[in-house]
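Peer 1: Here is what each chain is made of, one letter per residue.
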Amino acid sequence: MTHDNRNASLLQGMVGLGVVALGLGLAIGAISIPAAAGYAGVGPNFLPWLVSLALVACGAFMLYEVRSGGFRHMDEGPPGEKPYWSGFVWLSAGMMVNAVLITTLGFIFSCAVCFVLAARGLRNSEGQATNGLKTWVRDGITGLLIAAPVYWMFTKFLAINLPGLTQTGWL
Amino acid sequence: MDIWNQLIQGFVTAGTPVNLLWAFVGCALGTAVGVLPGIGPATAVAMLLPITAKVDATASMIFFAGIYYGAMYGGSTTSILLNTPGETATMVTAMEGNKMAKSGRAGAALATSAIGSFVAGTIATVLVTLFAPVVAEFAVKLGPPEYFMLMLLAFTTVSAVLGQSTLRGLTALFVGLALGLVGLDQITGQARYTGGVPELLDGIEIVLVAVGLFAVAEAMHAVLFEGKVVESENRMSRVSMTREDWRRSIPAWLRGTFIGAPFGCIPAGGTEIPTFLSYAAEKKLAKGPNLAEFGTKGAIEGVAGPEAANNATVTAALIPLLTLGIPVSNTTAILLGAFQNYGIQPGPQLFSSSSALVWALIASLYIGNVMLLVLNLPLVGFWVKLLKVPKPQLYAGILIFATVGAYGMRQSAFDLFLLYGIGLLGLVMRRFNFPTAPVVVGMILGPLAEAQLRNAISIGEGSPMVFLQRPMSLTLLIVVISILVLPRAVKWWNTRSSGAKAA
Chain Z
326 MTHDNRNASL
336 LQGMVGLGVV
346 ALGLGLAIGA
356 ISIPAAAGYA
366 GVGPNFLPWL
376 VSLALVACGA
386 FMLYEVRSGG
396 FRHMDEGPPG
406 EKPYWSGFVW
416 LSAGMMVNAV
426 LITTLGFIFS
436 CAVCFVLAAR
446 GLRNSEGQAT
456 NGLKTWVRDG
466 ITGLLIAAPV
476 YWMFTKFLAI
486 NLPGLTQTGW
496 L
Chain R
30 MDIWNQLIQG
40 FVTAGTPVNL
50 LWAFVGCALG
60 TAVGVLPGIG
70 PATAVAMLLP
80 ITAKVDATAS
90 MIFFAGIYYG
100 AMYGGSTTSI
110 LLNTPGETAT
120 MVTAMEGNKM
130 AKSGRAGAAL
140 ATSAIGSFVA
150 GTIATVLVTL
160 FAPVVAEFAV
170 KLGPPEYFML
180 MLLAFTTVSA
190 VLGQSTLRGL
200 TALFVGLALG
210 LVGLDQITGQ
220 ARYTGGVPEL
230 LDGIEIVLVA
240 VGLFAVAEAM
250 HAVLFEGKVV
260 ESENRMSRVS
270 MTREDWRRSI
280 PAWLRGTFIG
290 APFGCIPAGG
300 TEIPTFLSYA
310 AEKKLAKGPN
320 LAEFGTKGAI
330 EGVAGPEAAN
340 NATVTAALIP
350 LLTLGIPVSN
360 TTAILLGAFQ
370 NYGIQPGPQL
380 FSSSSALVWA
390 LIASLYIGNV
400 MLLVLNLPLV
410 GFWVKLLKVP
420 KPQLYAGILI
430 FATVGAYGMR
440 QSAFDLFLLY
450 GIGLLGLVMR
460 RFNFPTAPVV
470 VGMILGPLAE
480 AQLRNAISIG
490 EGSPMVFLQR
500 PMSLTLLIVV
510 ISILVLPRAV
520 KWWNTRSSGA
530 KAA
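Chains as they are written, first to last, in this note's numbering: chain Z, 326 to 496; chain R, 30 to 532.
If you are wondering where the hints come from, they were derived from the structure by calculation, not from laboratory data.
All values reported here derive from a predicted model rather than from experimental measurement.
Think of the CB as a built atom: it goes at the ideal place given N, C-alpha and C, for glycine as much as any other residue.
The reader is advised that the hints may include incorrect statements.
Some residues of chain R that are not near chain Z, with every Cβ distance over 12 Å (derived) [stated by the list, open to error]:
no., residue
1, GLY172
2, LEU314
3, ILE373
4, PRO407
5, GLY475
With a straight-line Cα cutoff of 20 Å, these simulated SDA-like cross-link-like pairs (lysine to any residue) come out [said to hold, decoys possible]:
no., chain 1, residue 1, chain 2, residue 2
6, R, LYS257, Z, LYS481
7, R, LYS257, R, LYS83
8, R, LYS257, Z, MET478
9, R, LYS131, R, LEU50
10, R, LYS257, Z, ALA484
11, R, LYS83, Z, PRO408
12, Z, LYS481, R, LEU50
13, R, LYS83, Z, MET478
14, Z, LYS459, R, PRO419
In isolation and in its complexed conformation, chain R is listed as follows:
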């Protein structure tokens, strides 16, 4: 079969000693940034984007994928062992994982999350292998109107569905779109919002925005508000699972995987919904003493399921990224930026034009999962030591890496001032609960969406009716509108009918 031939070819490319080394360094670095608070995969990949100038595309994508993956493994270690809520992706793991750790079962929680991540990651990679080429084949048939609608869908879900407030999500999205406007217009070459500053003609580097919003803003938030936060660490125990733990974990892993994978495939992004769904499913299915453990001693299913769902979503999110060129999270948006640095535009043509790269990347996912299992089970004690790095040195050190990312991209000290400014923006956003993903997705996807919009309207000979005349784009438009309107309509209906009952 064709897919298998290409996959084997991918393994050959990914299996060269140099590429294996890149994968290993990526996985190790990813685990480290996952474990360290204050720095995540998006920041790490963004800081390292300057390497795209020198390292060849295949090696650096393998490296970045390792970081992307590794951070998922590492993040759960922190959420299980530290008693502070981490990022949203691991929040659900923290609920039961923390309880297990408190009752002396930290080792079992770590084991089930690492093995669960492996199982889910591998199954989801198989799904990517099987479905990505199919989706790509289908996506070739899409024209600019459909693409524009898909991007509109991504914008809507990233800003309006995720996060607490649609208003703040949309504001963040438009700020991102505004950042994306700076520089030369892609179609006419018209300079926009450059204010005569030559550095701005090239646009604002995604590295600056990502590193400023995540790393610098995080350090600023820490110094302003988190000085007095006392963190406590749970005691480690031997990393192993009993026969009973296995019996309870395996079905939870599989359920989590099948809940998580579909969420990654649709351009809707976010691991919050699938992880919460998986948690709810596990709690609903638990019986007797197992159910009693939820929220008290900590139930192992409550760690196994969401952790698997998380990894399955994150892996499957590569399908829309690779086949449609549509990122749905911070990290995938920055991965798209990495592709763009090589002049490669992910999309349906990617599988034919850069097939060697794509299949090496997919093969490296299988390899990376195995490496991560080894890195995270026997070596977990090593990563746990990272939790002991004192906060002041950690954040001050992050600023050094932020400098590398910001300066290394264009060798301009101007960018360091800009970095500070974007850090301030990120601080305000963090303080007032604005989500950051819409900014990054808006900034990267904005110019692409604008080009598709303008191409679409020229196809329609200047008429926007083109979006309504093509069935696929009309369907997508209806989906977008219902995502925005339905939840509000249901809420309005509920309050109205409960009001009627009360009266």
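Bound conformation, chain Z alone:
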């Protein structure tokens, strides 16, 4: 078995275990749901139990597949040899910052920050250098140019509440 294969089956094993764990977690939650079936014969806890058992069974079967040669009928793996984690961290940071700041900074600025961080990760993953101030500024402006019209369209035209920095509905 090559190193890559071992790595792949380790990851697949983790997915199988994750599915089993999800099933068990749902089962623990199902214990506290009352059976109160009434006339129906099946109560609100029936489907939760069914889903938990099915997930445990699916996960167990996956683990069996991993042990006997890996998941069946897989597409070829992604073209990049190694996942590019640092780009992923930038993108995740963008989304997290957005979630934290959206109510204080308002939609437009918060989304622009998210855009800048995510774009940086994606640019790096393509091998572009992003050290200069120029890229930051350019991405910042692009982010604002996308976020602002979107904000106006939704708040002014479609009357959907999105958080703003001010109460004017324009910023």
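Chain Z is already provided as a structure; the job is to place chain R on it using the hints.
Peer 2: Chain R only, in chain Z's frame:
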């Protein structure tokens, strides 16, 4: 005739300037999301679901239908011009379309796919017009046991038949059902899996799941794995067809339509099977030099047929959605979610209770097809420019729209964290080849199926035998079991008999 009166009434509603504008914006937006890689009709409709809070039902359904339709037209442009395999629906188009584009016939391929989409879309809309009311009339007679079995059939086909692995399909389905469980139980009002988080009492928004699974997961996958993928674009040529191209395309369009439409009607979903069948049929029927073009220079029938089949399936899929309330694809599942936001439950009663809405929607399909033909033939050059949007800005921009969809629905920053979490789930699923449609269909249809199951069993006075006592539900049960068992039995039989021969 009654149908025609109602259809004309539908045209009157759909033909108001405001509704025409919604249809046009929907078609244009749909074409754009179809052309842009990384975002499809399901994502686009999901991101825009918050508009259901303000825009009236007819206008927004017309708008969503435009997106649904437009994306089919736009998707083929990308698959013909870009040398990267796109989504499954257009994969078959890409096989021959790409070859044609490489040998300098991109224009003819684009033309045959746009006109083919129009022909198939229009014929299929006629079928919807004629058959949907008939199916609805029949469906009124179905009771909870039959409904439950129909939903079970949809679950089975979506998870077990489509996709490469039944195991992963079923896992995805149960994950979807689990997501659908969160919140208050419909019948008893019992809270389930809310973990004391008040935001979860209302359940998990379908917008979050769809946008997280499709858009966020796509961006994550792109940054992790696709940085080094080099895309090349084929050269455009004049969008026109020769007399010979027409002669070869027309029969292929019609065959594709008649292969595709039945697949849309049954709750089995997926455009993979009909498009591949149409491709196989065209290849089988081709002779001489035309046959030699398959896989070499690119045969026009190989684009025309599958493209028509694709559109016919997608359009006909509205029949089970509107008459039975059963979605069989990501996008139809989200359309069902849109109806639910208005408190409308698609099903046999829809044609009587919301007949104005339904007929306006159907009329808008005819109008949308004409708009799309115009948008995609003379204006194709404009859409092609969208392919030049650089990936980093494209995906980062998609995240902004994802924020609108996720936040706009409930105005809660909590949902943005949840969105990220579901994005991670989608990333794992994408990485390990889990299909996403069963998650979305399971999540939306799960609570409905549960209610039908419980109603059915109360009809049977607590006995599950009720499913076996009614002929229709028994038949459906047998169909479901054979879908699961037959392919395996045949395989087992084949290996056994070939083993016996070898021995």
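Peer 1: Taking the hints in turn, state whether each one holds.
Peer 2: Each hint, compared with the structure:
With a minimum CB-CB distance of about 15 Å to chain Z, GLY172 of chain R clears the 12 Å threshold, and the non-interface call stands. Even its closest Cβ contact with chain Z, about 30 Å, leaves LEU314 of chain R beyond 12 Å, as expected for a residue assigned away from the interface. For ILE373 of chain R, the requirement that its beta carbon stay farther than 12 Å from each beta carbon of chain Z is met, with the minimum near 20 Å. Separation of PRO407 of chain R from chain Z is adequate, the least Cβ-Cβ distance of about 27 Å exceeding the 12 Å criterion.
Distance check for GLY475 of chain R against chain Z: the nearest CB is about 8 Å away, which does not clear 12 Å, and the non-interface claim fails. Distance hint between LYS257 of chain R and LYS481 of chain Z is unfulfilled; the C-alpha atoms sit about 41 Å from each other, more than 20 Å. Restraint check for LYS257 of chain R and LYS83 of chain R: the C-alpha separation of about 43 Å exceeds 20 Å, so the hint is violated. Proximity of LYS257 of chain R to MET478 of chain Z is assessed by CA-CA distance (about 35 Å); at most 20 Å being required, the pair is judged violated.
Simply put, LYS131 of chain R and LEU50 of chain R have alpha-carbon atoms about 37 Å apart, too far for the 20 Å limit, and the pair is violated. Taking the CA atoms of LYS257 of chain R and ALA484 of chain Z, the gap is near 41 Å; set against the 20 Å cutoff, the hint is violated. Restraint check: the Cα-Cα separation between LYS83 of chain R and PRO408 of chain Z comes to about 42 Å, which exceeds 20 Å; the hinted pair is violated. Using a Cα cut-off of 20 Å, the hinted pair LYS481 of chain Z and LEU50 of chain R holds, with the two alpha carbons roughly 18 Å apart.
About 13 Å separates the Cα atoms of LYS83 of chain R and MET478 of chain Z, which keeps this hinted pair within 20 Å; it holds. Using a Cα cut-off of 20 Å, the hinted pair LYS459 of chain Z and PRO419 of chain R holds, with the two alpha carbons roughly 17 Å apart.
This entry does not satisfy hints 5, 6, 7, 8, 9, 10 and 11, going by the numbered hints stated previously.
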